[in-house]
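A.B. asks: Chains as they are written, first to last, in my numbering: chain C, 1 to 652; chain L, 653 to 830.
The set of hints was computed from the structure by calculation and includes no laboratory data. Keep in mind that a hint or two might mislead.
Only some residues are given here: those of chain C computed to face chain L with a beta carbon under 7 Å [said to hold, decoys possible]:
| hint | residue |
| --- | --- |
| 1 | T319 |
| 2 | I322 |
| 3 | G324 |
| 4 | L327 |
| 5 | P334 |
| 6 | L373 |
Keep in mind it's a predicted model, so treat the numbers as computed, not measured. Glycine is no exception: its CB is placed at the ideal position from the N, C-alpha and C atoms.
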Amino acid sequence: MIPELGHFTLILALLLAIAQAVFSLGGAARRHAGWMAAGRSAVVGQFVFVALSFAALTYAFVQRDFSVLYVATNSNSELPTFYRVAAVWGAHEGSLLLWSLSLAIWSLAATALSGSLDLPFRSRVIGILGLISIGFLLFMLTTSNPFERLVPAASDGNDLNPLLQDFALAIHPPILYMGYVGFAVAFAFACATLLEGRLDAAWARWTRPWTLAAWLCLTIGIALGSWWAYYELGWGGWWFWDPVENASFMPWLAGTALIHSLAVTEKRGLFKSWTLLLAVTAFSLSLLGTFLVRSGVLISVHAFATDPARGIFILGFLTAVIGGALLLYAWRAPQLKSSAGFEVTSRESFLLFNNAFLVAALGLILLGTLYPLFMDALELGKISVGPPYFELVFLVPMLPLLALLGVGMHAAWKRGLLSGARNRLLAIGGTALVVSLVAGAAVYGEIRPLTTIGFALALWVMGSSLAILVARLRARLPIPGAVLGMVIAHFGVGVSTLGITGVQSFKIEKDVALAVGEAATVADYDFRLTALRDVKGPNFLAVEADVVVSRAGQQVTILHPQKRLYNSGGNPMTEAGIEVGAGRDLFAALGDDLGQGRWSLRLQYKPLIRYIWLGALLIALGGGIAAFDRRYRRRAESTVAATEAAATTGRR
Amino acid sequence: MKIPVRFVVPAIVFAALVGFFIVGLRLNPGEIQSPLIGKPAPAFSLESLGDPSSKVSSTDFSGQAWLLNVWATWCAGCRQEHETLLAIARENRVPMLGLNWRDDRALASRWLAQLGNPYVSVAFDPEGRTAIDWGVYGAPETFLIAADGTVLQKHIGTMSLAVWERDFVPLLAPAGEG
Numbered sequence: 001m002i003p004e005l006g007h008f009t010l011i012l013a014l015l016l017a018i019a020q021a022v023f024s025l026g027g028a029a030r031r032h033a034g035w036m037a038a039g040r041s042a043v044v045g046q047f048v049f050v051a052l053s054f055a056a057l058t059y060a061f062v063q064r065d066f067s068v069l070y071v072a073t074n075s076n077s078e079l080p081t082f083y084r085v086a087a088v089w090g091a092h093e094g095s096l097l098l099w100s101l102s103l104a105i106w107s108l109a110a111t112a113l114s115g116s117l118d119l120p121f122r123s124r125v126i127g128i129l130g131l132i133s134i135g136f137l138l139f140m141l142t143t144s145n146p147f148e149r150l151v152p153a154a155s156d157g158n159d160l161n162p163l164l165q166d167f168a169l170a171i172h173p174p175i176l177y178m179g180y181v182g183f184a185v186a187f188a189f190a191c192a193t194l195l196e197g198r199l200d201a202a203w204a205r206w207t208r209p210w211t212l213a214a215w216l217c218l219t220i221g222i223a224l225g226s227w228w229a230y231y232e233l234g235w236g237g238w239w240f241w242d243p244v245e246n247a248s249f250m251p252w253l254a255g256t257a258l259i260h261s262l263a264v265t266e267k268r269g270l271f272k273s274w275t276l277l278l279a280v281t282a283f284s285l286s287l288l289g290t291f292l293v294r295s296g297v298l299i300s301v302h303a304f305a306t307d308p309a310r311g312i313f314i315l316g317f318l319t320a321v322i323g324g325a326l327l328l329y330a331w332r333a334p335q336l337k338s339s340a341g342f343e344v345t346s347r348e349s350f351l352l353f354n355n356a357f358l359v360a361a362l363g364l365i366l367l368g369t370l371y372p373l374f375m376d377a378l379e380l381g382k383i384s385v386g387p388p389y390f391e392l393v394f395l396v397p398m399l400p401l402l403a404l405l406g407v408g409m410h411a412a413w414k415r416g417l418l419s420g421a422r423n424r425l426l427a428i429g430g431t432a433l434v435v436s437l438v439a440g441a442a443v444y445g446e447i448r449p450l451t452t453i454g455f456a457l458a459l460w461v462m463g464s465s466l467a468i469l470v471a472r473l474r475a476r477l478p479i480p481g482a483v484l485g486m487v488i489a490h491f492g493v494g495v496s497t498l499g500i501t502g503v504q505s506f507k508i509e510k511d512v513a514l515a516v517g518e519a520a521t522v523a524d525y526d527f528r529l530t531a532l533r534d535v536k537g538p539n540f541l542a543v544e545a546d547v548v549v550s551r552a553g554q555q556v557t558i559l560h561p562q563k564r565l566y567n568s569g570g571n572p573m574t575e576a577g578i579e580v581g582a583g584r585d586l587f588a589a590l591g592d593d594l595g596q597g598r599w600s601l602r603l604q605y606k607p608l609i610r611y612i613w614l615g616a617l618l619i620a621l622g623g624g625i626a627a628f629d630r631r632y633r634r635r636a637e638s639t640v641a642a643t644e645a646a647a648t649t650g651r652r
Numbered sequence: 653m654k655i656p657v658r659f660v661v662p663a664i665v666f667a668a669l670v671g672f673f674i675v676g677l678r679l680n681p682g683e684i685q686s687p688l689i690g691k692p693a694p695a696f697s698l699e700s701l702g703d704p705s706s707k708v709s710s711t712d713f714s715g716q717a718w719l720l721n722v723w724a725t726w727c728a729g730c731r732q733e734h735e736t737l738l739a740i741a742r743e744n745r746v747p748m749l750g751l752n753w754r755d756d757r758a759l760a761s762r763w764l765a766q767l768g769n770p771y772v773s774v775a776f777d778p779e780g781r782t783a784i785d786w787g788v789y790g791a792p793e794t795f796l797i798a799a800d801g802t803v804l805q806k807h808i809g810t811m812s813l814a815v816w817e818r819d820f821v822p823l824l825a826p827a828g829e830g
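Pulled out of the complex, with its shape left as it was, chain C reads as follows:
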């Protein structure tokens, strides 16, 4: 009964999404206030019904209703309650429902908080969000109904994929989807602007906090995914350049470019059509990711069960949404004029470089991700593009990006770098380089060019971020949320760079075969296998090892890596044993039983790896602080004029 209600509320949500699109867009075109009001009401109704539908599916999981096909396929009676809830989005159908719920939440928020916007414009935004909603609800109802019954009911379910039975991965999809889907708001703002054919600075100011909010969710989501891959996949890697990872990383890059380009559009009224294109691109890449993951055109370890009918539906939807937006762009964007000029060392030109490098990295990653598909489609053979390509094409634009980032933050709008800032930056840059050389030699005992550059850039970015705060405090200037957010986020970029450089330069990995009592040495740490025992979890059996780690005779820690066999079958799962430290992680993963009491073990020494995720959290925190800057809550006034005035009077 409850599943049928869930199905029914999903159909009602679709009808309301149609009403939302028709009344909002139609009302805006006809200037009919009643229609536009009806469109807004439909947003609320749609949210309520999607939420009810989601609750119905969750209820089916919690109640172990194995007469629902999706529940029977993705959970079983032994699965702990927490994971039964997480199993709602553990596979294709339910994750689409999560997508829709996320879109409904964003739509509701955008409707509730856009009261001060021009009414027709606001309605167009709501209408476009409605169109996107229609697509997803229709997709679910026609090809991927999560409420389909299983007759006769199964006595017990299969299981949630054991890889997904993990805390970080349970909360990873909701956060990631909030990010993906959040770009829909910026997309809707861009399309509404193109429909009206005019763009004022208020547009950019309105779009900024929404984009920041979506982008910070995506940042956290990606960081969680990376952290999970590190401790769960058993290889100790933190990024694999897998198509699905790229699918989440590309919208992030586009979103990063967008929040920077929006700053220029808001403050100076420049880059208008470029900013619109980025807003369209960021969401398009989110949709593209959805298509790539679910259609089976690319191979990935994370891919959902694929089905050509689904692929065709998403492709049609993708073509309609993205194609429509890009045609609208081609038609209307030429009418938007940017008229102001700026100097080479002004903040505008640094942000232009930022965008150029980010988009270059994005384009090359997109090319690498789709290259196997191109080759296959052109019958040039089946190939796969590996990490060496991606690392190179990512590194090359990132090095100059980081170098310029430190300067760009200190540059003034329109006029360029002030002489006080110039001396300060030279000092920071020099110090960063010297410290990097000395620290590399002292701590790790060798000097390598790329490592030195990486550490120097990390210190440079961190130092020049802090220098902004110091300069403001000294001059007794206020520190608004936007500035504080920028400083924290950029400091986070430096912290992540530090982590990436450290782990890529000095990580040590060793695969060994040990019997109980034997030891292996990794980077002056002794890893001794002291015991093996069987452990019983709620729904799995595991072999757990005690690995005593000591250094110079002193015991550091005992690691407990596990090899788990879930009762539902499938491949054995690795649970790595990790000792977290400020300077390094010590990592042990159990491999295979080699017989005669010997086990293969993967031992790793991972310097500074924590800083990768710590930096990501700081980036997200900075985005959050900037999103809540007070000026976004004021009613629109021309920021461009204020910036012009400030540039003329020399005040910053």
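Could you slot chain L onto chain C? The hints should help.
C.D. replies: Quick look at chain L alone, frame taken from chain C:
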């Protein structure tokens, strides 16, 4: 009104991408993952599980189609699919050879005695060398080998009757001809 080219470029690039996706949907990139399919089955000759003095080899069934099922007593999925394997064996359409992988001879023999034996014969591969040749990376896995010795199908994970009917049965010659 004339539209400058640079504003149309995004739409054109996207149209080209869509073209590739349409082609891509018809292709199956997964083919690359089972390099064995369509290739001759890797040969082996191993001790029989029940009788160390006799050999079980990949040529035992040459001239007819056969199944190879990779299993072990430590593998929970194997326990789960056992009923299905017995049902498939009862159909009597195609002989099934078991590859006992990285296992203990006594435990494996007891397992078959207790749960029933779907296999015509079982090869004993304690070190997993043959399994490596076959590209096995987790038990259970099931292969279908044609009469001419080429690998026709591979299923990774627990075998179910649904998978059997969908992926395997259509590849078997109609009953009576084989």
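A.B. asks: None of the hints should be skipped; say for each whether it holds.
C.D. replies: Outcome of the hint check:
1. Satisfaction of the interface hint for T319 (chain C) is found here, the shortest Cβ-Cβ separation to chain L being roughly 5 Å, below the 7 Å cut-off.
2. At its closest, the beta carbon of I322 (chain C) sits 6 Å from a beta carbon of chain L; the interface hint therefore holds under the 7 Å criterion.
3. The interface hint given for G324 (chain C) is violated, since its Cβ lies 10 Å from the closest Cβ of chain L, which is over the 7 Å cut-off.
4. A least Cβ separation of about 6 Å between L327 (chain C) and chain L falls short of the 7 Å threshold, and the interface hint therefore holds.
5. Taken as an interface hint, P334 (chain C) checks out: its beta carbon lies about 5 Å from the nearest beta carbon of chain L, inside 7 Å.
6. Hint on L373 (chain C) holds. Least Cβ distance to chain L is approximately 5 Å, under the 7 Å limit.
Consistency with the previously given hints fails for number 3 only.
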